[in-house]
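*Asks:* If you read the protein sequences in the order shown, they are chains A and B. For the first sequence, the residue numbers in the working numbering are 1 to 696. For the second sequence, the residue numbers in the working numbering are 1 to 570.
For the record, the hints were derived by calculation from the structure and aren't laboratory data. Bear in mind that the values here come from a model prediction, so they are computed numbers and not experimental data. Built from N, CA and C at the ideal position, the CB exists for glycine as well. Among the hints, a few may not be true.
[Said to hold, decoys possible] What the simulated footprint calls covered on chain B by chain A, stretch by stretch (three residues with Cβ under 8 Å from a Cβ of chain A suffice, anywhere in the stretch; the number is not a length):
1. 424-437
2. 536-544
[What the hints assert, rightly or not] Have a look at the derived ranges for each label pair, beta carbon to beta carbon:
3. 502/A <-> 261/B: 49 to 59 Å
4. 10/B <-> 670/A: 33 to 43 Å
5. 670/A <-> 326/B: 51 to 61 Å
6. 436/A <-> 281/B: 48 to 58 Å
7. 614/A <-> 3/B: 33 to 43 Å
8. 614/A <-> 321/B: 25 to 35 Å
9. 643/A <-> 6/B: 50 to 60 Å
10. 210/A <-> 282/B: 33 to 43 Å
11. 263/A <-> 458/B: 17 to 27 Å
12. 267/A <-> 314/B: 35 to 45 Å
13. 72/A <-> 445/B: 27 to 37 Å
14. 263/A <-> 445/B: 16 to 26 Å
15. 165/B <-> 163/A: 46 to 56 Å
Here is what each chain is made of, one letter per residue.
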Amino acid sequence: MTTTMSPPSAPTPGAGSAEKVRKSTSMFDPSIMRRAIGDSFRKLNPRHLAKNPVMLVVEVGSVVTTLLFFRDLGRSSTQENVFAGLVAIFLWFTVLFANFAEAVAEGRGKAQAETLKKTRAETVARRRRADGSIEEVPGGELDVGDLCVVTAGELIPSDGDVVEGIASIDESAITGESAPVIREAGGDRSAVTGGTRVLSDEIVVRITARAGETFLDRMIALVEGSERQKTPNEIALNILLAGLTIIFTLATVSLQPFAIYSNAEQSIVVLVALLVCLIPTTIGGLLSAIGIAGMDRLVRRNVLAMSGRAVEAAGDVSTLLLDKTGTITYGARQAAEFRAVPGVTEAEVAEAAMLSSLADETPEGRSIVVLAEGEHQLSAREIVGGTLVPFTAQTRMSGVDFDGRSIRKGATDSVRKWVEDQGGVIPPELTAIVEAISGQGGTPLVVAEGSRALGVVYLKDTVKPGIAERFAELRLMGIRTVMITGDNPLTAAVIAKEAGVDDFLAEATPEDKMAYIKKEQAGGRLVAMTGDGTNDAPALAQADVGVAMNTGTQAAKEAGNMVDLDSDPTKLIDIVEIGKQLLITRGSLTTFSIANDVAKYFAIVPAMFIAAFPQLNQINIMNLASPRSAILSAVIFNALIIVILIPLALRGVKFVPSSAAALLRRNLLIYGAGGLIAPFVGIKLIDLAITALGVK
Amino acid sequence: MSVSFWIQLGLLVAAVGVTTPLLGGYMAKVYGNAEAPGDRVFLPVERLIYRICRVDPEREQRWTVYAFSVLAFSLVGILVLYAMQRLQTVLPMNPTAVPKVGEALSWNTAVSFVTNTNWQSYAGESTLSNFTQMTGLTVQNFVSAASGMAVMAALIRGLSRRRSRTIGNFWVDLVRSTLRILLPLMFVAGIVYVSQGVVQNFEGFTTVKTVEGRSQVIRQGPTASQEAAKMVGTNGGGFNNVNAANPLQNPTGFTDFFGLYLILMIPFALTFTYGKMVGDGRQGWVVFSVMLSFWLIAVIAAAAFETGGNPNLTRAGANQAVTSSQSGGNMEGKDIRNGPAECGLWAGSTTGTSNGATNCQHDSMTPLGGLVPMAHMKLGEVSPGGVGVGLNGLLILALLSVFIAGLMVGRTPEYMGKKIQASEVKLVVLYILAMPFAVLVGAGIAIVLPTVLNQSILNPGPHGLSEVLYAFASAGNNNGSAFAGITANTQFMNIALGVSMLIGRFFLIIPTLGIAGALARKDKVPPSAGTFPTGTPLFAGLVFGVTVIVAGLTFFPALALGPIVEHLSI
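Just chain B, same shape as in the assembly (with noise of 0.2 Å):
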């Protein structure tokens, strides 16, 4: 690999140590109770929403009215959603004048952006009018990931607080998010993107003249601040098809870096708030440094296999080799302008953080390339995941890794003083189950089903059955990144992926909150020398080993068939 790519991880790696503690301990704050920076400007504007809301910021709610609201709040998220697609014709900024959206394609795209998973069965700049991308789409890019984060800072809630009923208030959880975290990122974010020259505007159709001489038809629109939204809140749902390779979407080498860093900005950032919030520094520390590992194994593999090259062209004596002449590598599905090695930084890191954006064609990396982002996905999105659900995966992980090896040390299993028993347990195998269910049964009918095999499936083989579970994994996990290769835009394959993207989100979210809520009940056991560690390198060896453990002996055999015989078949 180039030494490009060892200095641009090395400057993500910095840029996201830098801001983990800062931002994060700022959102510490955000979702504390005592004074926070910018109550100046920001409270007038939350107590106006919360008297429109008719919101009493003051009440806080038990775990299954939080749950409630999360779920009201979603299903008229989808609701509104669908609407405007199948009402796009009337409503208005539709300059393109795109049609209505069919109805299969319109609940799995109003379930995509809700669930915060942003898969696109649709092209973008054909099907979308500016409205519903910009007062649609890019609204729950906001409030998908707010939500999210709200999620988490219940579930903290519940690891640091004792003999409390109460875990938060959903609104005011949401709010806040939204105002004082992303909107002020996504701002700034916004800005930069368009000092690089990412397109803004309200502009439909262009035709320009190609310095060729021919002309062009080039699709505009308020671009740029969908780009902020969509890494800033690990969406991912780009607004042209082919997300970041475009380059009126992502235009420079350091639009390509700063995409990678927003996205992984928040994620990691967070671990630091959790630390903070518990008290204990060190148990942020550890959830950072599994996260690390899992997201560096991955972006290092990914680009080593796609700058590997093409094994048959290997053997058929073609040189690819990165030089200053040629990028090298498995060129397949890549621009020139970003190459295979920056197709694994972006792979690993958008499969990792529930992102799905994409800057080159998962569906022509080499099989373990491929594999790569495929697996990332399956670890249930904790490297770093989404914004706030991937810390609270790896906070369940944690609490099963301290339920299965905890008993070892003679005790009771506790996680932050919190004696892990059976109502816990209970829910962290409802969480544990979802994800596998969505993606394992979701793949399973497909893959056999005649329509699916007619109409979706291009690519016979190992490699048809990798991009359907590709697709399955991608919705059973929220991540909405694309193999491709499939025909996903079809009524079966809309509806049962929009139903694997309810189950990976809803299913997850609704255990996470009632273990928040039993938590929260619970007292602390002080702790002692005869205290389980869990802010030890060990413990971040363990709770890595799980994971793994876990998702491979779920996936493995699914795998094997997929992308390993493909592997071995070249």
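Isolated chain A (complex conformation) (with noise of 0.2 Å):
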């Protein structure tokens, strides 16, 4: 069983101290901005845009209706001059915009990588010899398998495997966590990240990446979204909105020879601008900035996501492997409890235990103290001229002697002996008490002065607060939780009871984690876990969502698709959380993108026919003052909303864990009633603001 050290205060989920270093760059700080406008401009190129058919579309309509304006240039009347002018500027702006959309979301991250790109700078290795000698070469002609010697003060190579030694780490190059941690060789922390720089002592790193592949390489890469490749789901979105494109680019071709028949012909920048309006180029426009704002969110969380397909996988988990370790529990057992024999009053055997404790430094002796000053609002005093028993594997107990008082707390065995040694009796009750804890599956600590057994002390693992609601809104997400744990069933099931999992897995193995991960896939299911030791890869690799931990070591790193640089594994939760806002504001968006085109019609057809059938203004609902500044509205709108819903794409639609009944009431709700209506209430406010200064 593998377990991550984790502080005794629990951490919050995303609020560790790197977050706050992270989040000082803004998504829209001004250098930012800038860049995002240059980028705009230069992702017009074709070659750029043909990834994304719906923005390629208008593109073309862009160019088609800019060279019919410059065509018919002082041709035509300067009302048809200034309106088909206007059109090609919009169309234009609607691409820019939806460049801007992109640039913005792939700014912080391209900010973010060169700062990594510093920390990257060539370092010298001293790579050490298969007789012990000691040569200095290039980081980057290490291979793999190579030991190298990193002393105080030295940039680590490359990514790697701590050997021999231990020493402490400053790795805030990457987790932009300041606090140095202990990297050791053997066990679960042994893996070291290059770029990163040992403050103290000497270790050798065994070589695990070939230069350029390394954690460092690959998280640049990442959050400059070099390597960016559409995911499964954006895949399927795309070749909807192309299929929606054909169809309206049907309607609207198809449209001409009706026009013709009816007498009625139309200007190609007119069908040009129907086209762009009916073509869903709101989520056209946002899509590849949904994913990118996504995937920030995530690097934001210290998170990183080995592909894009990983996070929206985490969207889709319906089950949840935590480690109760850290993750449910704090980690470390705490009092509970204080339990006196008849004829002992519960204060009595607090005070006991709480002399017995001062000199106690473990969390178990802490959360005595705190649990007798709280309760039984006891003051810790100073206790002079007495002698500290300390805990020996040996006695398996401690406690103190002062006075002429001798007070000892420990296992109820080594507790029993020592009273007997004295010439005490264990009451029956203890007993009693002492199996009643074990039941429950506390641990029970014996406290005693001299010949008097007082009483137990309960110790229990203390779940965290807030867990169990957390859980019960992961089940309301239809989500199972699943609490993985060494501890025998007894005691897993008191625990799993209290923190509300819907199912345990006691005096687990890895194997026994593979089997459980396996037989859930085989229905159907999808699962999320952490993990952090060498014999968590082969689960991390087969589960859909694996999150190693950074202190872990490399083979988790690299068997689990993300990697969580604040090792906080309660992490998972928000990062299934962070998946499904992502579909979400993909889907509401694209709902609201296609609820919009049904006011533009009833802008646009009316004003396209209104010269031949003068009757159809019946149908020009919102009462736009001409045909022209009809269009000419619809056109605008359709390339504001999309700067208007900039921000909520990259910071995603607000996510409220609920059942996806309650989901999607809230979100048709919203995006598609709303969707329907404000295109209505924005073209008539367009409408007049243009005809207010002078278009006709």
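Could you use the hints to bring the two separately framed chains together as a complex?
*Replies:* Spelled out as structure tokens, the structure:
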């Protein structure tokens, strides 16, 4: 059973110091914005837009209307020229706004990548030959399996495992966390990352990554988005958008013969305007920005997803395997209760337990003092002149001798023997208490003074506050939580019940974990888990979402598809929520985009044919001023809505953990019904504005 | 609208509501693997057919083989039907000595009946022999319907199976659909028709003396059998040109009601079959309710617009009220026996079922009254649609709805536990694309061709556009309903409409089977609170909305220039 070392105070999800460091670069930082504006123009390159069929159509439309504008300049009426010119300008804006959204989304990652690249500066490695001699080679020439010696003050040349020694290491370049961490040979805290600095001592590192394939390289590529590939849902959505674009192209192109038959032939500019308004430009323009921003949200939580696929899979996960220690409980047992034998008060037990624990610096010992102080208002007083009896593996108890009093607390058998040695008897009630506590999965510590057994301290694994509520939320979202623990089934069951997990795996071996994952997957479920040890690696690789702790071994980090730089297993829940939020944002904006079209038809169709059929003014329900202003308003709305929605696309739609039915109801109301109504209002307002500005 | 309209509508809904679970449950057993009622009678016959045709009923097909079987069967059907028309002079049973049918018309008719469209560019009584009608058209009335049902069975299997490479055997589905569902129902329906006085004989033209003492030539023939097949199989091709307005084809008030019930019976019942086969009855009822909503809106709207009368006559002060002494409403193109409300009921029902039968002249409906059947077809024949293919259409729209809105619950969209991913979306898009392509491209070309403008369009202006749009909507949706009012029997129209019908049939069936194959291969994600709910009224509303928006966005501009302008002009 592998566990992660976590501080006794629970790290609240996503509130590490690293988070604060990362957040300092806001997405709308002026320098990022400046670069994004430049990028929006660079992205006009058709080769770039070819990946996005919807925006490619808009760009072709922009070119066509621009050419027509210049062709007709001076030949048509001024009003016609102004109209064509404005349509062309706003079509270009539509493309630019979409490019801008993508550029802003990429901006923060690019800025971060530049910082990281500085830490990748060429290092000199001290490679140890087989005969033990040391040679200096450039870091880039290291090969997998090479042994390097790194001393205090030096940068670690590449990723690897510590094979000799122990050292404190500053990993802030990668994690943003300034407190040094300990890395040592053997065990599950042996992994070191290239580009981090050894602060003390000397270690020998076995290199595990080739130059250019290190964690830092991957991290740079990832935050920069240079290797970004479309995720499965994004591909599917792109196909749908391309399909809708074809359907609306059919509807627009076939409209011309109908119009010719009706003696109302349309200009190409108007048809292009109609087409651009109908095709799903809103979602088409924001789709890649949503994906990039989703990955970025993870990076800001200090989670590196090795593929976008994994982020989407996180949204689909229906089973979470959670390590008990560190995720569900604090990891250390804590005093929960004092139980006295008949004839002794609870306060006496508390006092004795506290006195015997004053010198006990283990988390258990401290928790006894805290409980005694809290529940029994005892104040920890200085013991003058007493003798502290420390805990040893032989005695299995600790205590204090002072003022002629001799107090001990410890394992039942040891204390029993100590009491009996002094002529005392263990009352049967005490045995009953001890058995009851064991039966509840707790650990009993017997407290005795001299020949008197006073009572028992009930130590139990304490479930983190709020975790049960978190699991209830997950259950609401249809996600099962499974607790993994090395505890015996009895203890596990008690914790499981208290934490409110759906299932637990006690005395779990890596093989058990693997079997559980395979069983879930065979039932069609997607599984997420965290792990850090080498023996977790197969399960991490098997899970659909495998989050490796940065403190873990290289093997674990290679096997998982995400790495948590904060090494906080609770974050798995956040990852699931980020995955869901990404998908929800896409779905909501798709729905919004399609619902928008209804209003655009009511603006454009009457405007197109009102000259031939004045009676069509009856379906001009927005009462737009003129055919030209109506069409232009729809085009302008279509462009502006992209800009308006950029913050939403980048931040993501607000995610409230709830059932799918509730989410659907809520989002359908906001983005479906909202998408139907909003453009009616928006187009009308734009029409009023441009009419006031003189467009006729 | 009259009380009798509402009573009839209520009875119709009640009758469909009663038979849906009964017939639907029976059909689920027909397409299932376990024992089915009537095995003792049907199994020996089936085994004989399989032995003659050398079909191994145990051997299931992958979707590609299934699709190939459908295509091969249809191709043979088209060739045989084409040959039969071209050779009817030398074939037996031609009492009225009709000449051979022209090339373009033969092509059109062959395609039309094999695709379950039953568009008729001809007048049956004066163009076809009894042999062609009985062994050609009536046979296709069975097997084209059965093919559609077979494809539907394959799609349902795709949704309900997991990790399966096969989706059933087309030949088995075809035989069982015909033998166990269509044949018994059509047999009973035929008897009922005969009992009501529908003609069923092998006569040709009969000269009779009318009550006024004049003589009249009446075309007789095997009408009742074709009428039963036409309605039960949602075919719609009438024995006579005026279809169900002919009193020998639709003699009584009861047959008028009975015919409506027959076309609605199987398509609605299949929703129950679907729920049963996927093991979740609510899914079937969701589909049922979406279909029912569209159908109710269509029939009520069409009947209301027709009983509302002609606005021009209203303005002129004519009394068009429905009273005991007059049928009221817009009576142009309607049989006195049927009247405007009945016309609306039929127009709404036959265009929603890809049936295309009529008991009135759709061309003579008010602009909005005519808009209803036209728009109804353009929804894609899903209310409740043709036998089998209607359910397919609605399930594809459900997949589309799931994909558009499904992401909003934060998971990869799922329908019936199947993840809807790129490969499925690709096929759904192909399916959704085919019908607008067949309708808009066809009508767009036709409307500016001199041959169409000179030969086919008799009414200029918006009404002419409506007529052409209607014809291609009917062909592209395999409906067969005729607005009429244009000359469809020209070389161009026959060929173009034939092509539209082929696209509207096979470019829908092939993606459907592809989807079935792709879904069958997938694993099923077990339902949980995080699953997108598809068995709820909200989902029914969503599918309804997506269907309206997709069809509306595709066809609104064209409709605006046709019936909408026409309405606003009067």
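*Asks:* Next step is simple, just say for each hint if it's right about the structure.
*Replies:* Consistency of the hints with the structure:
1. 424-437: holds (count 10)
2. 536-544: holds (count 3)
3. 502/A <-> 261/B: 49 to 59 Å: About 50 Å separates the Cβ atoms of residue 502/A and residue 261/B, which means 49 to 59 Å holds.
4. 10/B <-> 670/A: 33 to 43 Å: Since residue 10/B and residue 670/A have Cβ atoms about 38 Å apart, the given range 33 to 43 Å holds.
5. 670/A <-> 326/B: 51 to 61 Å: 52 Å, holds
6. 436/A <-> 281/B: 48 to 58 Å: At roughly 51 Å between Cβ atoms, residue 281/B and residue 436/A fall inside 48 to 58 Å, so the hint holds.
7. 614/A <-> 3/B: 33 to 43 Å: At 41 Å between Cβs, range holds.
8. 614/A <-> 321/B: 25 to 35 Å: Roughly 32 Å apart at Cβ, these two residues keep to the hinted range, so it holds.
9. 643/A <-> 6/B: 50 to 60 Å: Once the Cβ atoms are compared, 53 Å apart, the range 50 to 60 Å for residue 6/B and residue 643/A holds.
10. 210/A <-> 282/B: 33 to 43 Å: 56 Å, violated
11. 263/A <-> 458/B: 17 to 27 Å: For residue 458/B against residue 263/A, whose Cβ atoms are near 18 Å apart, the range 17 to 27 Å holds.
12. 267/A <-> 314/B: 35 to 45 Å: 39 Å, holds
13. 72/A <-> 445/B: 27 to 37 Å: 28 Å, holds
14. 263/A <-> 445/B: 16 to 26 Å: Given a distance of about 18 Å, which is inside 16 to 26 Å, the answer is holds.
15. 165/B <-> 163/A: 46 to 56 Å: 50 Å, holds
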